[in-house]
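Participant: Here is how the chains run, residue by residue.
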Amino acid sequence: MKKLLLGSTMLVAAALSAAPAYAQAQRNAATSAAPFSVNLRGYSTFAFQIANHDRDADLRSHDMLDDTRLTVNVEARSDNGLTYGFMHRLRLVPAGSRSDFQNDRNFLYLRSASFGEVILGTHPNAVDNSMAPPTLYGPATGLGVYADGGFAEFAAGSLYAQAGTARLTYGMSKFSGVTATQVMYTTPTFSGFSFSASYSADSERGRSTDRNERQTSTGSTEIGNAGTENLFAAALNYSGSFSGIGIGAGVGVNVAGAKDRLGGLVTNREYENVVGWTFRLSATYAGFTLYGNYAYDGDSGYAKRLASEGAAVRVDNDSAYGYNIGLGYVTGPIAVGVSYGYGKTEGDVLIGGDDTLSVLNVGGHYTLVPGLMLFGGVEFFSAKNEGAKQNDGTVITLGTHLRF
Amino acid sequence: MTRSSLRRLWLPVTAGLLLVGCAGLQTTEPPLGRDAQDARRIGSILGDEGGFNLFGGSRRRGDDQPAGIAVNTYLWRASIDTLAFMPLVSADPFGGVILTDWHSPPDSPSERFRISVFILDRQLRADGVRVSVFRQIRDAAGWSDAQVNQRTASDIETAILTRARQLRLDSTAQRN
Numbered sequence: 001m002k003k004l005l006l007g008s009t010m011l012v013a014a015a016l017s018a019a020p021a022y023a024q025a026q027r028n029a030a031t032s033a034a035p036f037s038v039n040l041r042g043y044s045t046f047a048f049q050i051a052n053h054d055r056d057a058d059l060r061s062h063d064m065l066d067d068t069r070l071t072v073n074v075e076a077r078s079d080n081g082l083t084y085g086f087m088h089r090l091r092l093v094p095a096g097s098r099s100d101f102q103n104d105r106n107f108l109y110l111r112s113a114s115f116g117e118v119i120l121g122t123h124p125n126a127v128d129n130s131m132a133p134p135t136l137y138g139p140a141t142g143l144g145v146y147a148d149g150g151f152a153e154f155a156a157g158s159l160y161a162q163a164g165t166a167r168l169t170y171g172m173s174k175f176s177g178v179t180a181t182q183v184m185y186t187t188p189t190f191s192g193f194s195f196s197a198s199y200s201a202d203s204e205r206g207r208s209t210d211r212n213e214r215q216t217s218t219g220s221t222e223i224g225n226a227g228t229e230n231l232f233a234a235a236l237n238y239s240g241s242f243s244g245i246g247i248g249a250g251v252g253v254n255v256a257g258a259k260d261r262l263g264g265l266v267t268n269r270e271y272e273n274v275v276g277w278t279f280r281l282s283a284t285y286a287g288f289t290l291y292g293n294y295a296y297d298g299d300s301g302y303a304k305r306l307a308s309e310g311a312a313v314r315v316d317n318d319s320a321y322g323y324n325i326g327l328g329y330v331t332g333p334i335a336v337g338v339s340y341g342y343g344k345t346e347g348d349v350l351i352g353g354d355d356t357l358s359v360l361n362v363g364g365h366y367t368l369v370p371g372l373m374l375f376g377g378v379e380f381f382s383a384k385n386e387g388a389k390q391n392d393g394t395v396i397t398l399g400t401h402l403r404f
Numbered sequence: 405m406t407r408s409s410l411r412r413l414w415l416p417v418t419a420g421l422l423l424v425g426c427a428g429l430q431t432t433e434p435p436l437g438r439d440a441q442d443a444r445r446i447g448s449i450l451g452d453e454g455g456f457n458l459f460g461g462s463r464r465r466g467d468d469q470p471a472g473i474a475v476n477t478y479l480w481r482a483s484i485d486t487l488a489f490m491p492l493v494s495a496d497p498f499g500g501v502i503l504t505d506w507h508s509p510p511d512s513p514s515e516r517f518r519i520s521v522f523i524l525d526r527q528l529r530a531d532g533v534r535v536s537v538f539r540q541i542r543d544a545a546g547w548s549d550a551q552v553n554q555r556t557a558s559d560i561e562t563a564i565l566t567r568a569r570q571l572r573l574d575s576t577a578q579r580n
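So the sequence lines, in the order shown, correspond to chains B and Y. Mapping to the numbering used here: the first sequence position 140 is 140, numbers consecutive. Mapping to the numbering used here: the second sequence position 33 is 437, numbers consecutive.
Worth flagging that the hints you see were computed from the coordinates, not collected in a lab. Watch out, some of these pointers could steer you wrong.
As the list claims (entries may be wrong) - Taking beta-carbon pairs under 8 Å as the criterion, some of the chain Y residues facing chain B (in silico):
(1) Glu433
(2) Arg444
(3) Ile446
(4) Gly447
(5) Ser448
(6) Gly455
(7) Phe456
(8) Asn457
(9) Phe459
Cβ atoms here follow ideal geometry from the backbone N, Cα and C, with glycine treated the same way.
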């Protein structure tokens, strides 16, 4: 028995002593197992909308929408903690081409806790990626899928026309919404702070088809993303907690050059360069989230006065800005919320008056099971074009969202 | 782009450079982007982060599950580490089976041991490893089977689990 105990004890002792030595040898060998995974996921949304508004004479009062996106993600992690891979997302092309796909995410990434994250490819820019309200399209509920009526995606142009104004009602600079081919870097998070910066040569995705420094379209007296180049975006964000209250804050800026216009009604028109600021602040406590976003674009993108254009140019000089404030509450599978957004741009600087849009949204969603939810919302909007009423109305949206 | 436009970038850019320059501070992964936050908040009907894993990979495996090893990698490495003092006959990373050859402790040449390790789970769990120990003693007739102290197998299991935990902590520390 004594021998049995002696041999067994030595065996265990040898096992205990051998382990660290072999592990050290393994570590010195600097192995790179490079495990990888190939993941296919996506989501699908179906929504039904009823609109009652002042300009419905020739418009149907209802419409339906489907939106499906598929994501392929290849990812690997090396032994030194570096995560790397690429992601490709397909989405249905809007504006009636529902049988066609295009990609709206296509990028390589490298990420680790020590140096942060680098993204190379088609992706939202630094401000859009980190500073959007709880969700861009459903601020009231944090749903992210058209609970606000989905103006920009659902019925753009039929209820009101100013896409730039619409974006400002989310409290986001209208120049931050570009999903273009770019490079982006985000620092690691320390003490709740993180910084992100991105650069894109223009607003195009994938291979560039236009390296002109001038616009060739007839354009307007106010340019959007398509009229910009060399877009830099930078965002500083904070996330922390004090006495059980979650605090989020951020400041971001978009800086871009404006392309001059080559042709059109007036030749050689020049535009103001872009400097668009975005600020955000949020507090979360006991299921409640109170937040506010504010965007200030100033005269970014407005046409300049040129002697060759005569005295008619730029009769307005008001700044473009917008904000969104909201309150949401989540309890179990139920989320409800209310938000109010307002946006103002100059519209056509040849004409006096502003383009404005105000939106009050009440909505909610119910999660049947994780990844499957029902959502609905009612929205009251009022749009003005150059100071005159363009359209007022009420929109009700009901839908379902499935994510796998 | 005017010089004044670029000048307005100084505040966020300087703040960012300060963040980058704070080497040595405790850092964590960068915050999730817009898409990832949506995915996490809404969830998936397939559970966790969702999605189908093609080619048999597991998205959830993380460090626990590199390619080429079908069982928990920490348990696997810890088992190899722990039995490194014995000659191995077989090590099957897909089945999670490690078989050693007979080994005599230097101080007790008249007895020898053989160990089989079975890794039973993809997760790092206390019951994810099972050890069997075989013992023989030498007498005039040669080697013959002998009784094994019941605690020997459990002690080796404990050693493996302890080593696996160390590896796990080391890995987490390196990532952070």
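Participant: For each hint, tell me whether it holds in the structure or not.
Facilitator: Outcome of the hint check:
{"no.": "1", "hint": "Glu433", "result": "holds (5 Å)"}
{"no.": "2", "hint": "Arg444", "result": "violated (11 Å)"}
{"no.": "3", "hint": "Ile446", "result": "holds (5 Å)"}
{"no.": "4", "hint": "Gly447", "result": "holds (3 Å)"}
{"no.": "5", "hint": "Ser448", "result": "holds (4 Å)"}
{"no.": "6", "hint": "Gly455", "result": "holds (3 Å)"}
{"no.": "7", "hint": "Phe456", "result": "holds (5 Å)"}
{"no.": "8", "hint": "Asn457", "result": "holds (6 Å)"}
{"no.": "9", "hint": "Phe459", "result": "holds (6 Å)"}
Checked against the numbered hints given earlier, the structure breaks only hint 2 and satisfies all the rest.
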